Amino acid sequence: MAEKVLVTGGFGLVGSQTVRRLAADGHQVVATDLGTAVQRKAARSLPAGVQARWADLTDENEVDRLVAETSPTVIIHLAAVIPPVIYQQRELARRVNVDATVALLRAAERARNHVRFIQASSNAVHGARNPHRYQELLRPDTPPRPSDLYGAHKTEVEAYVRSSSMEWVILRLAAVMSVDLGAMPFSADALFFESALPTDGRVHTVDVRDVAAAFAAAVTADVAGEILLIGGDESHLLRQGEVGAALAAAMGLADILPGGRPGNPDSDDDWF
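If you read the sequence shown in this note's numbering, its first letter stands for residue 155, the second for the next number, and so on.
Rather than coming from a laboratory, the hints here were simulated on the basis of the structure.
In this text, all values refer to a predicted model and were calculated from it rather than measured experimentally.
Misleading hints may appear alongside valid ones.
Here are the in silico distance ranges between beta carbons for each label pair [stated by the list, open to error]:
#1 Asp253 - Ala378: 21 to 27 Å
#2 Ser421 - Glu388: 26 to 32 Å
#3 Pro416 - Gly180: 47 to 53 Å
From the three backbone atoms N, C-alpha and C, an ideal C-beta is built for every residue, glycine too.
Required output: the full structure, derived from the provided sequences and hints.
See below:
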């Protein structure tokens, strides 16, 4: 059955792919974002029938108006501030990652329609794990133990989502990658951030197209009230040094960025 789906962060890496997948599946889609010049230009290339709505989710009045005027039956909440910007603009990051999520939940609970709320979370809720001590794979019932600000934000909003009165689904995403480097949200700061991480830390990646497929499936699948981990197959189980080096090389920065160092195998606190 076709649903009316509101996608926040609809012009980001995951959002743009998710919007296209939803449209291809026959859903009525509204993509919302801040409405920057780049996003307004991208809106011209949206699939036929997809609407673009511009809104600042940190403004509760705009959130209320957005939900009331679009009347979605499903909300896919992707909008977020991620590392390293989350550390550079902590106050804004909290307003976007936590406060805006709460405002969106409240608006959806007041909506005329019965709304399914699909929350984008992250495996960052599980925190840093020393690869020399912990070899087991994460599971949906692995207790959250965030060790960075982004993971803490996601852990907090998961609790808000679970305690809401709506039908909800939470997707905890692995590190999302794209074969289109131009779509990746990597600046020079982000690449330096990558190069500073322990090279032997484990990273589970996932193709953004698979993430979009997961969100599209969650719109109608019988998964209400579930937390799902979204990651790639065994070929996506990598080391941090491999990921950082590959990204730097692909952007012509292989000889510019520092190579990084291994982490301390005797410490559980020196990982990311």
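Structure-based check of all given hints:
A hinted range of 21 to 27 Å holds for the C-beta pair Asp253 and Ala378, which are about 25 Å apart. Separation of Ser421 from Glu388 is about 27 Å and conforms to the stated range, judged on CB atoms against 26 to 32 Å. A hinted range of 47 to 53 Å for the beta carbons of Pro416 and Gly180 is consistent with their spacing of about 49 Å.
Of the hints listed earlier, there is not a single one the structure fails to meet.
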